[in-house]
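Chemist: Turn these sequences into a full structure, and let the hints guide you.
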Amino acid sequence: MAKGNVTINVERCKGCAFCVEFCPTKVLALSSAFNSKGYHSPRVVALEKCSGCDLCGMYCPDFAIFGWRIKEAAGQEAPDAG
Amino acid sequence: MSALPEIVNPVEPLLRTERMPHIWCPGCGIGTTVNCFARALLESQRNLDRVAVVSGIGCSGRVAGYVKLDSFHTTHGRAIPFATGLKLANPSLEVVVYSGDGDLFAIGGNHFIHAARRNVDIKVICVNNLIYAMTGGQTGPATPSTAITATAPYGCYEPSFNLCALAEAAGASYVARWTTFHVRQLTKSMGEVLRKRGFCFIEVLSPCPTLYQRRNKMGDGLDTMKFYKEKSRVRNGAPTSEVALTKDGEIAVGKFVDRERPDYIESMRGRLSEQLGDRYVEMECPVCQ
Ligand SMILES: Cc1ncc(C[n+]2csc(CCOP(=O)(O)OP(=O)(O)O)c2C)c(N)n1
Ligand code: SF4
Ligand code: SF4
Ligand code: SF4
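If you read the sequences in order, they're chains A and B. Take the position in the first sequence, starting the count at 1, then add 29; the result is the number in this note's numbering. Take the position in the second sequence, starting the count at 1, then add 12; the result is the number in this note's numbering.
Treat the hints with care, since some could be wrong.
Unchecked claim - So the derived list for chain B, only partly shown, Cβ under 8 Å to chain A, looks like this:
#1 Pro25
#2 Ile35
#3 Gly39
#4 Ile42
#5 Cys48
#6 Val195
#7 Met230
#8 Leu234
Claimed, not checked - The calculated lysine-lysine pairs, modelled on BS3-like cross-linking and capped at a C-alpha distance of 30 Å, are:
#9 Lys267(B) with Lys243(B)
#10 Lys267(B) with Lys208(B)
#11 Lys80(B) with Lys100(A)
#12 Lys200(B) with Lys238(B)
#13 Lys200(B) with Lys66(A)
#14 Lys208(B) with Lys241(B)
#15 Lys55(A) with Lys200(B)
#16 Lys238(B) with Lys55(A)
#17 Lys200(B) with Lys243(B)
#18 Lys55(A) with Lys229(B)
#19 Lys229(B) with Lys66(A)
#20 Lys241(B) with Lys55(A)
#21 Lys78(A) with Lys100(A)
Calculated directly from the structure, the hints in this document are not laboratory data. Backbone N, C-alpha and C fix where the C-beta goes; we use that ideal spot for every residue, glycine too.
Modeler: So, in structure tokens, the structure goes:
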């Protein structure tokens, strides 16, 4: 089972792919869909590999994604990652 | 069913989210540095009411407008004098200068060296994208030799400043360089300078895909991040004379200087108390105490 998860703010994303490239376990890929500004935001392709390390969150220049550990969010339900 | 608390980005409380999305281009590194700065502030458990950010003018100078802290967007090149005044008037503040290589080292170069010489207790974070970005990508004091810029269509032929060597020679207490690829190390360095007294300097190499990388056929923001990853070598403690940057060569990163010197206020207090004895009385500021 996944130890972590990510929350993505699609509308803030500018599609730079820093998060996709530097996620150590390759959890993310750029989506083929566009956001309203015409950028491809990331989507989760391998949730089970997510550790919640938040490296994606540190790299994101647009504050559009962050990772979190399921244990730390105990009692809280995972928000929709879409 | 009771509403579950929403999981929010930990840096959100430190940002003026009503201004997002910000003006920075896709793949620009400035936002990544702000992300690291916000995390360093959170980890440092500083009283955020006591932290002030001062920026000059430029793309990097826009940082002051996006952090939810007391912040001041000053005139071009003058972030350091504003920050010095702020610190001297209210020494209990933690004053951070956040600006670009052009702002801090061209028009503001004199202020930089003298604040370092005096060891004013301010923390300077320089986002170095190697050009004047906001005005169209002209050659600046950090532009490496042979790089193509708006004002050097055949390649820059001026020698550039080695910012870290300059900071050390002028007297800085702390000098480090990272790139936007080094998010963990950069966050750690930012945390260190928040705890250190004296003039501290962090240079962060950051992509400007729109104006620097594009003209130099170096790809987009992601290509630049991969370039940083490939070219960087951690050289903590390296003599700053050996860490000059070139267009395509090795990028030395790390903490180069971490030393103790009396800061400006200590020096002033020491000298004046010695000379004036009881007649030296410090006034408490009625506004900010
Ligand atoms: C007194 C004055 N001179 C010139 C300018 C034009 N100007 C605005 S930003 C800038 C340079 C910014 O370069 P840098 O500090 O490297 O920031 P960047 O945009 O690259 O992040 C210049 C020359 C100005 N605003 N004010
Ligand atoms: S939290 Fe870590 S593991 Fe999960 S997507 Fe982000 S970088 Fe990858
Ligand atoms: S790092 Fe941020 S802006 Fe870049 S693709 Fe990922 S979510 Fe979008
Ligand atoms: S012009 Fe360059 S420095 Fe300015 S926001 Fe765009 S990428 Fe960033």
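Chemist: State for each hint whether it applies.
Modeler: Tested hints:
{"no.": "1", "hint": "Pro25", "result": "violated, 12 Å"}
{"no.": "2", "hint": "Ile35", "result": "violated, 11 Å"}
{"no.": "3", "hint": "Gly39", "result": "holds, 4 Å"}
{"no.": "4", "hint": "Ile42", "result": "holds, 7 Å"}
{"no.": "5", "hint": "Cys48", "result": "holds, 6 Å"}
{"no.": "6", "hint": "Val195", "result": "holds, 4 Å"}
{"no.": "7", "hint": "Met230", "result": "violated, 15 Å"}
{"no.": "8", "hint": "Leu234", "result": "holds, 5 Å"}
{"no.": "9", "hint": "Lys267(B) with Lys243(B)", "result": "holds, 17 Å"}
{"no.": "10", "hint": "Lys267(B) with Lys208(B)", "result": "holds, 14 Å"}
{"no.": "11", "hint": "Lys80(B) with Lys100(A)", "result": "holds, 29 Å"}
{"no.": "12", "hint": "Lys200(B) with Lys238(B)", "result": "holds, 21 Å"}
{"no.": "13", "hint": "Lys200(B) with Lys66(A)", "result": "violated, 34 Å"}
{"no.": "14", "hint": "Lys208(B) with Lys241(B)", "result": "holds, 28 Å"}
{"no.": "15", "hint": "Lys55(A) with Lys200(B)", "result": "holds, 25 Å"}
{"no.": "16", "hint": "Lys238(B) with Lys55(A)", "result": "holds, 16 Å"}
{"no.": "17", "hint": "Lys200(B) with Lys243(B)", "result": "holds, 21 Å"}
{"no.": "18", "hint": "Lys55(A) with Lys229(B)", "result": "holds, 28 Å"}
{"no.": "19", "hint": "Lys229(B) with Lys66(A)", "result": "holds, 26 Å"}
{"no.": "20", "hint": "Lys241(B) with Lys55(A)", "result": "holds, 17 Å"}
{"no.": "21", "hint": "Lys78(A) with Lys100(A)", "result": "holds, 15 Å"}
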